[in-house]
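A.B. asks: Same order as they appear, the protein sequences are chains A and B.
Count along the first sequence from 1, add 69, and you get the number used in our numbering.
Count along the second sequence from 1, add 17, and you get the number used in our numbering.
Read the hints as simulated data drawn from the structure, not as lab findings.
Because the structure is a prediction, the values reported are computed rather than measured.
As a list, the in silico DSSO-like pairs of lysine-lysine whose alpha-carbon atoms are at most 30 Å apart:
| hint | chain 1 | residue 1 | chain 2 | residue 2 |
| --- | --- | --- | --- | --- |
| 1 | A | Lys80 | B | Lys233 |
| 2 | A | Lys230 | A | Lys253 |
| 3 | A | Lys80 | B | Lys241 |
| 4 | A | Lys169 | A | Lys253 |
| 5 | B | Lys218 | A | Lys80 |
Calculated from the model, a selection of chain A residues having no Cβ within reach of chain B, i.e. all distances over 12 Å:
| hint | residue |
| --- | --- |
| 6 | Glu128 |
| 7 | Gly145 |
| 8 | Ser148 |
| 9 | Met260 |
Backbone N, C-alpha and C fix where the C-beta goes; we use that ideal spot for every residue, glycine too.
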Amino acid sequence: MMNGMAFRKAKNHLMSFVMLACTLAVLIPLALIFVHIVKMGLSSLSIDFFTHIPAPTGEPGGGMANGMLGSLIMIGGASLIGLPIGILGAIYLSEFGGSKMSTTIRFAADVLSGTPSIITGMVAYTLLVVPMKGFSGLAGAVALAMIMIPIVLRTTEEQLKMVPGSLREASLALGVPFWRTSLKVTLRSAMSGVLTGILLAVARIAGETAPLLFTALGNQFWSKNVMQPMAALPLQIFSFAIAPYEDWHKLAWAGALVLVSVMFGLSLTARYFSRSRQAH
Amino acid sequence: MARATTKRREPDTAKRLNGDAVFRYLTTFFAFSILAILALMLYEMAGESMPAIKAFGWKFVSSKDWDAVQETFGALPYLYGSVVSSVLALLLATPLSIGAALFITEIAPGRLGSIVAPLVELLAAIPSVIYGLWGVLVMAPWLQTTVQPFLIEHFGFIPLFEGAPYGVSMLAAIFILMIMVVPIITSITREVLLAVPQSQKEAAIALGATRWETIKVAILPYGKSGILGAAILGLGRAIGETMAVTMVIGNAPNISLSLLSPAYTMPSVIANEFAEATTKLHSSALMEIGLILMVVTLIVNALARLLIWSVSREAKGGAA
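Based on the sequences and whatever the hints tell you, model everything.
C.D. replies: This is how it looks when you write it as structure tokens:
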């Protein structure tokens, strides 16, 4: 038998090893997925991918240009709707809040961001698609905005709270009205942090697929009219991945590589902004 | 906050007061729109579910007949699939996540931890359609040719592993869900662990505890409710996960003990049938499944938030 101390040390080493093994078990499948996307994506990516619409069933070639355009339009639309609501709501929480009501709103935002995104799609369907008698890019943008709002609200609020009160007081003491102080001083000095939140929210909705299934629906052709069904990159990845054609699988891998690159790009930019903020 | 209200009490000119008042109303309006959105979502989902609720009552959740032609809708196979896939995925994912979070915060040298932690966070943000793509084109064929034949041959006598190797199956859904929720649970658990006060650890170390003993007696008990919250949040994600599961689970409304057989979940059936539902009752039945999904995730998320808040609030000394 080992003595007590040696046993405790051995146990310590064993558990450290178990925790390392857990970390590897977490990272290995994720690394596998990542390697696959890069390998398959790079070999399928071509100029056509960025300039052409999907080829007809079974034909080789084609691209997902219409999906990328559709995604850009809907992300832009969602940002136009979601950013003002999220940012102004956050100003209320950080500048006028502090009551029970703000806690309720904060809680609602957290709960909302945990709601499955497919539900958001169903709600946008009943609110927009049914009354307007058709699937549309607009309905897709609204569904994405509903996902974006709680994220922007919470991250912006956190950033505004970090702005020192003395900055607000200095501005107010100079006779600047409160609303101008809020927008031009408080919000501006929190800008890099707010941008971080916006970029993360955009990254999140850029990959959303489920809420677009019954709002934007998807489109095989160029779709620039927001009142019509609209293509989106994630939707195309989905339908091409489950189709039984090799060529379509290749396009799906290329689409995945583009999507992941955009997402990582946004996340890294966001990280850069938040780091430059911490550096001050 | 105090600084805001003191300012609001000292209007200089009528014009300035107007600007501030408008600003205040505007921000209040947008903040309350969050509550309005949540209420609107619940209202719409409940309203649209009414025809199905009236037509089937409680039979909706206890019956397994789902036939769009006959217009009889029972959601049991989807409830079963959702519960089994997400609970089993969570049982596999939680210990791994806690281990990884402990490694990152307590064991790994600072440098390594600060590389792995953001990496895990980045992975938590990969879109689910991409997990699904990998799941259906890489993992499912691998399960079909390697893992499932092995399980059938050696463990086929257990009902869990009997049947034929389809690849797309409950097992595939469990695996893909596990891979997807692990980064989420890990990064939240990590935040909870970081909120454990240094003094807690130092006390244990001062008493001569090894690193593992410190974790066991000081860190885990303190962060217990937050870690539980992280796991429950992972459960919420798993229940609501749509795209990846739809792509690998096989989409067959079976209730089978075997993990190798194809199954179905609540979000998957909505994703597959909602756009094509032609009759009022069919779409209403799908809406009711959505309503159940929404209420379940609402409760699960609220519970998780409360548990996570309880740890971070204590750490900040009550000032949340």
